Amino acid sequence: MDAGKSIVAQLKGAAKSYGKVRALDGVDLAVTAGEVLAVLGPNGAGKTTAISLLLGLLKPDAGEATLFGESPTSLSARRRIGAMLQTAGVPDTLTVGELITLFRSYYPDPRTFADVVALAGVDDIVKRRYGKLSGGQQRRVQFALSIAGRAQILFLDEPTTGLDISARERLWKTIRMLAADGCAIVLTTHYLEEAEALADRVCVLAKGKVVAEGNVQQIRARVSQRRVSCISSLDAGAIAAWPNVRNIDRSGERIEIVTDAAESIVRRLLNEDAALSELEVRRAGLAEAFVEITKEAA
Amino acid sequence: MNAIATISAPRTSSNSLIVYALEAKYEFLRVLRTPAFAAPTLLFPPLFFLLFGLLMNHGNEGAARYLFAGYSIFGVMAPALFGFGVGFAMERERGWLSLKRVMPMPPGAYLLAKMAMAMLFAAIIYVVLALMARFLAGVRLDVGQWFLLGAIAVFGAIPFCAIGLMIGAKSNASAAPAFVNLIYLPMAFLSGLWMPLTMLPAFFTQLAPLWPSYHLSQLAQMAIGIQPWSGVEIHIAWILAEAAVCLAIARRWMAKAA
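These protein sequence lines map, in sequence, to chains L and C. FYI, numbering that gives the first Met the number 0 numbers position 217 of the first sequence as 216, with every residue one higher than the one before it. FYI, numbering that gives the first Met the number 0 numbers position 229 of the second sequence as 228, with every residue one higher than the one before it.
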């Protein structure tokens with residue numbers, strides 16, 4: 000991690016149990032200014048618990064959670080954060096404009112009303128009541144509330160659930176812009192392409208522990224497998240017997256090989272089939288890496 | 000987009016008073032725009048007063064005066080119990096409370112806003128009842144008496160907000176209205192808001208000090224000369240003690256849930 004940048008949010012050996020269920024088991028996590036950290040993990044991995052500790056909604060049983068070196072429940076720390084929770088339960092009968100005005104009033108130096116509206120893309124629905132909006136519009140309003148205060152760290156719990164593709168890309172663009180402005184962003188998401196598109200760093204949780212941490216490339220590298228695909232007349236059964244071939248699929252004339260040693264496989268393919276075409280080699284995406292890492296942890 | 004709304008809070012200092020005021024304003028609007036809540040809350044006390052205090056009463060000024068005092072207290076019960084209790088249970092369950100807890104709000108603004116909402120509703124109901132009492136039932140009071148009774152009705156929000164908070168802290172949103180109803184109407188009846196307790200078996204009179212509405216109705220009757228002033232401190236002490244007990248229980252339940 001970049002030692003020159005200041006840590007804005009941190010978990011140190013944080014543990015939290017609900018009755019006998021250990022939701023978090025000694026998690027260390029640090030978020031530095033201006034970085035986008037994606038927290039990934041299957042359901043029940045402890046993502047929401049980790050966020051709740053950083054937000055001061057829960058107290059750790061052991062270890063500590065800090066925001067700007069302070070307790071997350073202190074007013075001065077809270078003045079520097081914004082949050083979009085998974086279930087926001089915003090009152091249906093207030094208008095979008097009223098909600099933004101209310102949330103701006105909480106902060107000493109809020110963003111202007113016009114900026115909030117423009118950044119969150121809610122210009123067309125300012126006068127409408129929250130309860131009359133579509134799911135995607137409601138999500139955009141929740142995002143607007145999270146940025147009302149010009150926060151230095153933003154917690155976004157599954158921010159793009161329910162958004163259509165163009166709204167999602169618009170939100171991604173805004174998130175990148177805020178991060179470039181120096182705002183740290185902690186993002187939990189189901190969508191791996193979201194982490195790939197936004198995250199400087201990825202932290203994978205499974206069963207309450209950090210099982211992998213690093214940038215997207217490092218996480219991907221955790222999975223050595225690559226996919227080799229090509230159009231070839233070679234016999235799939237014969238290729239399956241080659242060393243380092245994990246799996247082979249044939250659909251029509253195209254074959255797809257999963258391997259740990261793509262280079263030697265490609266060399267042998269080209270030697271054995273001069274007519275081979277459409278050769279492609281792909282590294283596993285974050286999705287495959289993620290499945291693999293959480294499988295290892297299970 | 001109109002930019003008029005941008006000139007609200009000053010940029011440099013987050014003025015706590017503005018937060019309290021906005022919080023209360025939007026809590027009031029939130030509730031007012033929920034017709035299923037606002038309509039019965041605002042209409043029932045005046046309708047009951049119209050029915051029992053005027054139409055079925057045939058010009059008995061004494062009875063009208065008694066019922067005016069009773070319905071003034073009855074008027075604060077619904078906004079405090081339903082608005083606070085059901086609203087709190089719902090916002091706790093749906094996650095709005097969590098988001099509010101994360102926000103840099105001054106301590107207590109959330110609860111105070113809900114109490115201010117209940118008080119404002121009580122005041123509106125009281126004004127309607129007072130106009131009906133004065134111009135339809137011919138109730139004559141000093142200026143001071145009108146204001147004193149109104150103040151007692153508004154003050155009455157405190158114990159019922161505490162009871163509402165207790166219910167909202169424990170109950171889920173769908174069950175909260177049932178729990179509130181279980182308390183609301185029996186308590187109004189057993190406190191003598193609708194008819195003097197002397198018309199009920201003596202047992203109920205002995206039980207009455209348990210209900211904050213009983214103490215409020217005693218104060219209300221003293222304020223408009225139905226009975227002489229006596230034991231004011233004791234009634235106020237009961238009301239505040241009952242509120243404190245409910246508040247303590249609510250805090251305990253909330254702490255357990257976290």
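The hints are simulated quantities; they were obtained by calculation from the structure and are not laboratory data. Computed from a predicted model, the values in this text were never measured in an experiment. One thing to keep in mind: the hints can contain errors.
What the hints assert, rightly or not - Okay, derived cross-link-like pairs now, DSS-like style, lysine-lysine, Cα gap no bigger than 27 Å in a straight line:
{"#": "1", "chain 1": "L", "residue 1": "Lys58", "chain 2": "C", "residue 2": "Lys255"}
{"#": "2", "chain 1": "C", "residue 1": "Lys255", "chain 2": "L", "residue 2": "Lys208"}
{"#": "3", "chain 1": "C", "residue 1": "Lys255", "chain 2": "L", "residue 2": "Lys126"}
{"#": "4", "chain 1": "C", "residue 1": "Lys169", "chain 2": "L", "residue 2": "Lys126"}
To see whether the hints hold, each was checked on the structure:
1. L/Lys58 / C/Lys255: holds, 12 Å
2. C/Lys255 / L/Lys208: Answer holds: C/Lys255 to L/Lys208 is near 26 Å, not above 27 Å.
3. C/Lys255 / L/Lys126: Violated. C/Lys255 to L/Lys126 sits at ~39 Å, over the 27 Å cutoff.
4. C/Lys169 / L/Lys126: violated, 35 Å
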